[in-house]
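Asks: The chain contents come next:
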Amino acid sequence: MVKEGLVRRFLNALSGTLRAKSTEYIEVELRELENIFALILLGSFIGLPSPPTSISLRLMPYMARELVIMSRVSERLDDMLGEMAGLFEIT
Amino acid sequence: MSSKFRTYFFIGKGGVGKTTCAASYAVKLAKEGIKTLIVSLDPAHNLGDVLDKSLTDTPVRVMDNLDAIEVDFEKMITKHLKELSAKIKDIYSYLRVLNLDKYIDVLKHSPGIEEYATLDKITEILRDNIERKKYDVIIFDTPPTGLTIRVMALPSVTLLWIGKLLELRLAILERRRVLERILGERAKVKIGDKVLELPSSITEDPIFKELTSIREEVELVNGILTDSKRSTVVMIVNPELLPMLEAKRAYEFLLRLKIPVKYLIINKLVEEESVPERFRVKVKEQRRSLELVDKYFRGLKLIKIPLMVKEPRGIDDLIKISEYLHID
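Residue numbers (the numbering used here), protein chains in the order written: chain U, 884 to 974; chain R, 1056 to 1383.
Don't take each hint at face value.
Under the rule of at most 20 angstroms between Cα atoms (straight-line distance), these lysine to any residue pairs were calculated in the SDA-like manner [unchecked claim]:
| hint | chain 1 | residue 1 | chain 2 | residue 2 |
| --- | --- | --- | --- | --- |
| 1 | R | K1176 | R | K1249 |
| 2 | R | K1219 | R | L1275 |
| 3 | R | K1264 | U | R955 |
| 4 | R | K1137 | U | Y945 |
| 5 | R | K1245 | U | S933 |
| 6 | R | K1219 | U | S927 |
| 7 | R | K1245 | U | L894 |
| 8 | R | K1219 | U | R955 |
| 9 | R | K1249 | U | R955 |
| 10 | R | K1264 | U | P944 |
| 11 | R | K1243 | R | F1263 |
| 12 | R | K1219 | U | M946 |
I should point out that these hints are in silico values taken from the structure, not numbers from a laboratory.
Please model the entire structure based on the sequences and the hints provided.
Replies: Here it is in structure tokens:
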């Protein structure tokens, strides 16, 4: 009984850790995808060529979330190396 | 959305006689009993002058079976921006205290806004006719070549962008769904003092929906522009070197966009016998430029219109010119 409980606890802990690990990666991926989406549409802020005006104008009202992400990413831009190291667990 | 009406685009360098040719053809069709609408997209409107009738932004009856419009771009851009500003105000409702209109006004001066406005107007007119089936033929008198070919390239460019953006958006939504499934709840984001739940399916995501609806609109126009059964481009040149060279470039560009060009009108041809001695050089130039036609525009049907002694104005003059226009 004790043995079984231990195994179950171990397996639960393992699956929890794996789940956390996998979501961590997807979360970063998602954030960066959203960042790229915003960058492509609103890149003219930093001098990138802009998409056809009709597209960016019509999407503008829905872009609040992307703007927030873009500004958050830009806050961390001076430590991109640290960011990448954290993601791939380089210490 | 199928419909049987045809569209014609008359394009060419400034001053070659686009408006006159387009208006003559419109008059010809109207006389044959075909319900025709002629639309001037050239910001420097002179369709009204050619038809000898004052025109507005809404169809004005010129003669039996013929209506004409001169598009008011200033008004269109303002309308477009008003709708946009209403949408923005609606979404960023917490910013209502500010007077947004005046800031959004500056968009009116965005580079390239005329091209988008022109394409928007073409779309609006085509859509309207698909729904109401009022006209059998719609003729567009376009701005000079440079702007026109950029307008005609816009649908392809826009479709390319939308394709990429939709792909990216799908990747985003897919990841949001995965996270939602694993974590058992929707992701939220705090903007200002509002907490928003993030949509994860294509039916809820406003950005995905807006992109799809832009794509539908653009595909509608592009479908008509590139369908030789529904759309014909008529190019107009004068028998001079520069208009020929410009038309050649436009022709090649339109071919690349798969927009069917069928006719080449050589307008203002001088009949050689009638030219006094001192203008012989001009005639030689004309002959030289005509030699280029076979080289540059193989496959196009040629229409030649002689130089009129008097500048054509009004329906009667246009009828005379229309006798030269053998266009299907």
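Asks: Compare the structure with each hint and give your call.
Replies: Evaluated hints:
| no. | hint | in the structure |
| --- | --- | --- |
| 1 | R:K1176 with R:K1249 | 37 angstroms, violated |
| 2 | R:K1219 with R:L1275 | 19 angstroms, holds |
| 3 | R:K1264 with U:R955 | 26 angstroms, violated |
| 4 | R:K1137 with U:Y945 | 17 angstroms, holds |
| 5 | R:K1245 with U:S933 | 27 angstroms, violated |
| 6 | R:K1219 with U:S927 | 18 angstroms, holds |
| 7 | R:K1245 with U:L894 | 36 angstroms, violated |
| 8 | R:K1219 with U:R955 | 24 angstroms, violated |
| 9 | R:K1249 with U:R955 | 18 angstroms, holds |
| 10 | R:K1264 with U:P944 | 13 angstroms, holds |
| 11 | R:K1243 with R:F1263 | 18 angstroms, holds |
| 12 | R:K1219 with U:M946 | 17 angstroms, holds |
Of the numbered hints listed earlier, those contradicted by the structure are 1, 3, 5, 7, 8.
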